[in-house]
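*Asks:* Each chain is listed here by its residues.
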Amino acid sequence: MPKLKTFDPPANQNDFTAAETQLEAALRARWSSNINMFTESVLQNKPAPTQYFNPLTTDIPDQATEAVIRWTAFPARISKTFSFKGERTQWSYADNGPPASENYEPLGPRGWQDEYCEWSVTRNDAGKITKVSFTCENREYWYTLWDISPEVVLRLYQQLVGPQVEPQDLYSRDEVGNPIINAETGRPAYNGHNKWNSTTTEGVVHLISAPNALSAEISLAGQATILRKDSTGEPITDPAGLITCSNYGIADRNSDPHIGASVNSLVRGSDGLGSGMRVSLSNPVGLYIQTPNFNQYSLPSSAPAGAQPSDCWSILRGHARGSGEAIDYILHAVFEVPEEWGFTVSDITINGFNIDFGAQITETFHIALAAYGLQPQTEAPSELTCARDAKPPLPRTPCLRDSPVLPATFRSGLSMRIEQGTTISNIGLYATDVDTNAIIAFTGAPGVSLEQQGTQATDEETILFQLTITAAADAPLGVRSVLLTNANGAKGPAVYGLLEVVAPGTLAGEQTEVVGSRVEPSTQSLGVMRSLASPLGSR
Amino acid sequence: MIAYVADAASSTCDTFDWDPIVMNNYGAVLSSAIVAMALTTTACNNSRSDNSDSGKRVVSPAKAVSESSQAPAIEAALNSRLPTRTATFAKAALAAPAAPVEACGQAQAKRCEPTKPGSIYKYIAVNQGNQPCPAPMSETEIAQNLNDPFSTSLLRNGKFPLSVAQLTAAIAEADPDLVIRSYMVGEGSQIPLRVADRDKSRNLRYVVTWGPSKSPQNVQIFLNASAPGKESGFLQVISWDDQRKLFNYFEVLVPGESNAVWSWAGDSSLARAPDTKGAGCFDCHHNGVVIMKELNLPWNNWQSPRAQIAPDEVPKAVANETLFQDLNGADSYESVVMGSAQTYHKQWLQAHSVGADGKIELSAVDLMLEHLTAGTTINIVSSASLSAGDDDISDIPSNALLWDDLLSSSLGLDYSIPALVIPRASYQSFVAEHGYELAQRFPGECQDCANATAVYAIKPGSTHFALYTPAPSFDDRFMITQMLQAEIFDNKFAAAIALVDVGKPVFSSTRAGLQQYAPTSGTIINNESSVVKDFSDAVRQAAAGQRSCDASKIDSCTAEQQFLSIYDAADWTTAAQQRIQTYLDTFAGLSDEARTDKLMRLVASRQQSFTAWPIISNLNEFCLLLPESDLSQ
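Chains as they are written, first to last, in the numbering used here: chain R, 1 to 539; chain H, 1 to 633.
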């Protein structure tokens, strides 16, 4: 197979009607650009993951290995942290979150559902479950889709949650309730934490838990391709040891250690360094719900003849595996008893227990991803010792955007765009381990300059810079990286793709001299950022 | 590894013997010296050939075996004993007529006709008396018993694959829709290369499954095979018969020989039958269902999301085969095992609870209640923290302390388990002080692990995940919840039994003693079960003749008294919860060292009980399964 032409949307899902082909094309182009940005930002990190590749720039033969990596959807850290509480309490915590007094992280709505699967439970007046909705859709896709067409997003919300969803329910708002306008589109910015997608009872559309980011997934996979050894030279291959050594996730999850160790094993090979594979996440890049094992389920005796538990499982978005496919590409599914059967989900048992919690269902299915494996490796990998904090610390930015939209960008991971020949002020750049007088530079191509307007420390380790950015009329189109250099010389690496220079007329909003939005930069943005559990791109 | 079988003819140690037929099967790797060595170690008396300190297990450095020129051959031979039996169950029965069979120093007269390829044989082991001879099955027997996919697709069509590769190809040809999945387990699978090179035996074996493409986890055929698997002739198959709603068991007799044949080893209905219980396949498959000892996270010994079996730590032949490269995780297999087991358990209960019009006739009630009293099998739980890790051990498996998932999740009892932590320093100190090690040993005939030289060992060391503890099984808990839902007994009754000897959720001879009161039959009339009344009346009658006990020291009371203290309580729920909480409170408020000592000794004690408990101890198949220490005696 030649180089991949574009990255496809997750599950190759097409959310557009026949009359919306232009929007579909725009979404596909933008989505491919986003995945490319996430991939290149991994490849340009240091140390460079030499065994990770970009499918857009690498030939992939038809006989390339496709590795499948699966993990149980139930949040393993709940079991570990509350092992002494018993399984019913663990199920309850997985559904509703541990008590606030536990200060359990990740914080935020559905934060604790951190295995790339989140769900919402609907109950009747008697407290019995009537429906459980599951999603593994990444938020980056929905933010991208909103940029292309908020109408399509609304339509999907109304399908997934109900007709009661209104457009204004989905807007980002400032502290006085006004919609925050995205200068790039001229429309209200999207709020992924809206009331229809931020609870465990009112519906679920896409992932919102901070570590459940697709960009973090790609980053994890890339970092996991780096082989590690301990201080005695012994290879580190066990999942817990690797994740601690490479610092690409949280050790006690089902997902991170397993994904990392599986990828690492592919790279290491079975016959010495150089015998393994180069790896990249398969197209369409995403994480997918797998069909549950219904052998563990039992229907009540009142179920109609021939009824099966699998009859209660419906795929709303994505699809079950087709011929030749190794995994199901399910994005959104529900478990709900057909009304005519006359009983509820709670009357069904799993392993002998009535389904009193949605979490019980998550114990019976996997989340999966697929990865390409290419042989031979173009160069034999070396083994590195464990990652450690740089001394002095290296400044880094995960996020650049016009200030009012910065919090949303923190969640979406999408790059900022600027048209040639324009200047935008009131841009926020959020950075860590950085001096207030750090030098900020755009790299990768010329034609983009900036002025610092001010700084604000958000906490001991992070600073928000206020910038004005200008793209020259002849600035080459394409992405720019952002490089920060502290006064002591500590710098980089440059973070790829935070800014994209586009042609005039590409963006719908006012671009000639844009002042962010109607809302002046305030502590509101910073307050939102403080509440976020983890920086963009990390698990 | 010693395979145990209940065989009255070899009563001294009930072991298989290295007979010439077995050795000749692997003649390519055996030397006469090995044959001589094996034949001399037939005595079951514990002749301790190694120096040992008092109170310690044999800990001499790996010697003799690995250093001799015989070592590679021995390892290869012993690896070929896998998956879990030394050879077929019938091998003793198939001894050459001219050669007497020795088993632990006792001659056994076992003479059977050699098998002839081309037929499906039957060999169902019994738990006492002489074993039967393998014999070809009649057409009637075949029609009645062999309706599972393995039989209907292969055996009954005259297809007798005699290696994993042949079996895989045959199934693919017979039913292309079936999806193959492989899993791997090995007690030495996490032994690092600095301790044992990749070619050292780690007791690796595969479980291979076949299920329909639309639901691969609805497994129809299970295969147990050694690793590397491709050309292995050591084949054991379990296949689900959807007509009879049970599992059929199969094995190849005299594998590797020209007269190797497939043999039916019985079905699930024999697992708990008086003559076959604990014999043959059912010495491990205690309920007649597929088993997985380490059923839950972190699945110690299995390829899993928590522990990868690294390709450069297994023999190249293993690393290079598709079965290994396409391994699935134990988390998937857990789901398969639980799903397939409960399918059988549900139909078993239905078959023994028959009735209509408000009256249900119950049969095999004694077998039902055994799930509560003695337990029919075990699973093994552990912490998700590594024994060799750095973090404190904070996830003490609750089922190691008491039957938590039954008492809390099934019976709804409310109590509080203290948030126990074993500090890493305390753990390491305890392990060092008591000489913990995890050793690979190959016991000869009639030897146990304690008397076998270590080929390699991690010392100090223990199982990969800490606190590896035999605990109540999924099967027992599932059956109890099913019986509760069927109203065969109620929560009070279940709690009253389960709370006898509350601190021993498994291996309680006190609680097991209540089994004598289990009726063999019963009725449920208008939702009222006779089982509860019959049992409790019998217990009360027995208790009436016992010396009264101090209720404040309930653990020293008889099983009958403990049962009645809950069953007859005015508020049984409160009484039960208080009993549990009193027990759990003994773990609270301790110093780090005292708590560590208490928990570690509990685990060690449970492991030792496991090695001695009738039939269930058959699951203790390899020396690498359990750590050794001065607490192991």
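Derived by calculation from the structure, the hints in this document are not laboratory data.
All figures in this text were calculated on a predicted structure; none of them were measured in a lab.
Just so you know, even glycine gets a beta-carbon here, dropped at the ideal spot from N, CA and C.
Keep in mind that the hints are not guaranteed to be accurate.
[Stated by the list, open to error] Residues of chain H clear of chain R, computed beta-carbon distances all greater than 12 Å: (1) P136; (2) T152; (3) P192; (4) Q308; (5) L401; (6) I524; (7) C549.
[Stated by the list, open to error] Listed next, with one range per pair, are the computed distances between beta-carbon atoms: (8) R:L477 - H:D197: 55 to 63 Å; (9) R:D62 - H:P418: 54 to 62 Å; (10) H:Q325 - R:K5: 38 to 46 Å; (11) H:Q485 - R:S310: 18 to 26 Å; (12) R:A25 - H:P423: 54 to 62 Å; (13) R:A100 - H:P423: 26 to 34 Å.
[What the hints assert, rightly or not] Straight-line distance between alpha carbons at most 35 Å, and here's what the computed DSBU-like set of lysine-lysine pairs gives: (14) H:K245 - R:K131; (15) H:K359 - R:K85; (16) R:K131 - H:K492; (17) H:K533 - R:K80; (18) R:K229 - H:K553; (19) H:K598 - R:K85; (20) R:K80 - H:K214; (21) H:K533 - H:K245; (22) R:K85 - H:K533; (23) R:K391 - R:K80; (24) R:K85 - R:K131; (25) H:K504 - R:K80; (26) H:K459 - R:K3; (27) H:K359 - H:K277; (28) R:K80 - H:K359; (29) R:K85 - H:K504; (30) H:K346 - R:K128; (31) R:K85 - R:K46; (32) R:K85 - H:K346.
*Asks:* A separate judgement is required for each hint: does it hold in the structure or not?
*Replies:* Hints, verified against the model:
Listed as outside the interface, P136 (chain H) is consistent with that label: its C-beta sits roughly 34 Å from the nearest C-beta of chain R, beyond the 12 Å cut-off. The beta carbon of T152 (chain H) is kept farther than 12 Å from every beta carbon of chain R, the shortest such distance being approximately 21 Å. Against the 12 Å criterion, P192 (chain H) falls within the reach of chain R, whose nearest CB is about 7 Å from its own CB. Interface exclusion of Q308 (chain H) from chain R breaks down, the closest Cβ pair being 5 Å apart, not more than 12 Å.
A Cβ of chain R approaches the Cβ of L401 (chain H) within 12 Å, the least distance being about 9 Å, so the stated non-interface status is violated. Listed as outside the interface, I524 (chain H) is consistent with that label: its C-beta sits roughly 15 Å from the nearest C-beta of chain R, beyond the 12 Å cut-off. Non-interface status of C549 (chain H) relative to chain R is upheld: no Cβ of that chain comes within 12 Å, the nearest being about 30 Å off. Distance hint check: the CB atoms of L477 (chain R) and D197 (chain H) are about 56 Å apart, consistent with the given range 55 to 63 Å.
D62 (chain R) and P418 (chain H) have their C-beta atoms about 58 Å apart, which keeps the hinted 54 to 62 Å range intact. Under the hint 38 to 46 Å, the C-beta atoms of Q325 (chain H) and K5 (chain R), about 29 Å apart, miss the expected range. In this structure the supplied range 18 to 26 Å holds for Q485 (chain H) paired with S310 (chain R), their Cβ-Cβ distance being about 22 Å. For A25 (chain R) and P423 (chain H), the Cβ-Cβ distance of about 60 Å falls inside the hinted range of 54 to 62 Å, so the restraint holds.
Between A100 (chain R) and P423 (chain H) the beta carbons are some 28 Å apart, a value that agrees with the proposed interval 26 to 34 Å. Restraint check for K245 (chain H) and K131 (chain R): the C-alpha separation of about 31 Å stays at or below 35 Å, so the hint holds. A distance of roughly 40 Å separates the Cα atoms of K359 (chain H) and K85 (chain R); the hinted pair therefore is violated under the 35 Å criterion. Restraint check for K131 (chain R) and K492 (chain H): the C-alpha separation of about 32 Å stays at or below 35 Å, so the hint holds.
Taken as a hint, the K533 (chain H) and K80 (chain R) pair is broken in the structure, with Cα atoms around 41 Å apart against an allowance of 35 Å. Using a Cα cut-off of 35 Å, the hinted pair K229 (chain R) and K553 (chain H) is violated, with the two alpha carbons roughly 55 Å apart. For the given pair, K598 (chain H) sits about 20 Å from K85 (chain R) by alpha-carbon distance, which is consistent with the 35 Å threshold. At most 35 Å may separate the alpha-carbon atoms for a hinted pair to count; K80 (chain R) and K214 (chain H) meet this at roughly 33 Å.
Between K533 (chain H) and K245 (chain H) the CA atoms are separated by roughly 31 Å; this keeps the pair inside 35 Å, and the hint holds. Restraint check for K85 (chain R) and K533 (chain H): the C-alpha separation of about 34 Å stays at or below 35 Å, so the hint holds. With a C-alpha separation of about 33 Å, the suggested pair K391 (chain R) and K80 (chain R) falls inside the 35 Å cut-off, and the hint holds. A distance of roughly 26 Å separates the Cα atoms of K85 (chain R) and K131 (chain R); the hinted pair therefore holds under the 35 Å criterion.
Among the hinted pairs, K504 (chain H) with K80 (chain R) is consistent with the structure: their alpha-carbon atoms are about 23 Å apart, no more than 35 Å. Restraint check for K459 (chain H) and K3 (chain R): not satisfied, since their Cα atoms lie roughly 51 Å apart, outside the 35 Å limit. Simply put, K359 (chain H) and K277 (chain H) have alpha-carbon atoms about 31 Å apart, close enough for the 35 Å limit, and the pair holds. Proposed proximity of K80 (chain R) and K359 (chain H) is contradicted: the alpha carbons are some 46 Å apart, above 35 Å.
For the hint pairing K85 (chain R) with K504 (chain H), the CA-to-CA distance comes to about 19 Å; that is within 35 Å, so the pair holds. Restraint check for K346 (chain H) and K128 (chain R): the C-alpha separation of about 24 Å stays at or below 35 Å, so the hint holds. Note on K85 (chain R) and K46 (chain R): the hinted pairing is violated, with a Cα-Cα distance of about 42 Å set against a maximum of 35 Å. Proximity of K85 (chain R) to K346 (chain H) is assessed by CA-CA distance (about 29 Å); at most 35 Å being required, the pair is judged to hold.
Violated hints, listed in ascending order, are 3, 4, 5, 10, 15, 17, 18, 26, 28 and 31; each of the other numbered hints is respected by the structure.
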